[in-house]
Amino acid sequence: AQSVTQLGSHVSVSEGALVLLRCNYSSSVPPYLFWYVQYPNQGLQLLLKYTSAATLVKGINGFEAEFKKSETSFHLTKPSAHMSDAAEYFCAVSKGNFNKFYFGSGTKLNVKP
Amino acid sequence: DTAVSQTPKYLVTQMGNDKSIKCEQNLGHDTMYWYKQDSKKFLKIMFSYNNKELIINETVPNRFSPKSPDKAHLNLHINSLELGDSAVYFCASSQDRTGKTGELFFGEGSRLTVL
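One line per chain: the protein sequences are Y and U, in this order.
For the first sequence, our numbering assigns the number 1 to the initial residue and increments by one for each residue that follows.
For the second sequence, our numbering assigns the number 1001 to the initial residue and increments by one for each residue that follows.
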């Protein structure tokens, strides 16, 4: 079985500050890992993905995530938050022959001016 | 041009009614999905079709019936609607079924409210 845990349903940072959104997964074998972003009243968009290549993955809008097998983590970071980063962020895991994604419960990022 | 489009965007209906949500993708993808997002933003897969063939069918009440007339369309029909069906339903598509390319392309969602 696979699951994804996102610590913190709400994260608030000041503009220009570091963004850190946490994601831990449970899987018996290395999974494929993803971060998606959802802006208000929109569908989810892919930010970045880990598919067993480089452990540090760079995505769009300056976001990156590091796969740490020893910690079963895939935390999302951005060095400097921008107001436009305010959105809901979802970590997801997939394994196997089908695109059966398991999403975390989401973390709402608030960026203060 | 919208890649994955769903209609209607909003749907308000009474308990016991039957309703449908339509989805179309113009990306040429082989695989399409329906996800349900509840009021706590929890997103859960319901169904997946690959080239009109059902490949994922999660534990969903049989009041929910997906239909894929062709690989560009995946519709969701819901019979005898219940209060707990209120949610945002997202259609999505992907290039393949393996999970390796990983990217799902989502529609904007259809917010269903059952009164």
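What the hints contain is simulated information worked out from the structure, not anything from laboratory work.
One thing to keep in mind: the hints can contain errors.
If you want the ones that stay clear, here's a sample from chain U, every Cβ over 10 angstroms from chain Y, calculated [stated by the list, open to error]:
id : residue
1  : V1004
2  : E1024
3  : L1027
4  : K1041
5  : S1048
6  : S1065
7  : S1086
8  : A1087
9  : G1109
Straight-line Cα separation of at most 27 angstroms, DSS-like style, residue types lysine-lysine; simulated pairs [stated by the list, open to error]:
id : chain 1 : residue 1 : chain 2 : residue 2
10 : U       : K1009     : Y       : K100
11 : U       : K1040     : Y       : K100
12 : U       : K1071     : Y       : K100
13 : U       : K1041     : Y       : K112
14 : Y       : K100      : U       : K1044
15 : Y       : K108      : U       : K1071
16 : U       : K1041     : Y       : K100
17 : U       : K1071     : U       : K1009
18 : U       : K1040     : U       : K1052
19 : U       : K1019     : Y       : K68
20 : Y       : K100      : U       : K1022
21 : Y       : K68       : U       : K1022
22 : U       : K1052     : U       : K1067
23 : Y       : K68       : U       : K1067
24 : U       : K1052     : Y       : K100
25 : Y       : K100      : U       : K1067
26 : Y       : K108      : U       : K1041
27 : Y       : K69       : Y       : K112
28 : U       : K1041     : Y       : K58
29 : U       : K1040     : Y       : K108
As the structure is a computational prediction, the values presented were derived from the model and not from experiment.
Beta carbons: idealized from backbone N, C-alpha and C, even for Gly.
Tell me the numbers of any earlier hints that the structure contravenes, in ascending order.
1, 4, 5, 9, 15, 18, 19, 21, 23 and 27
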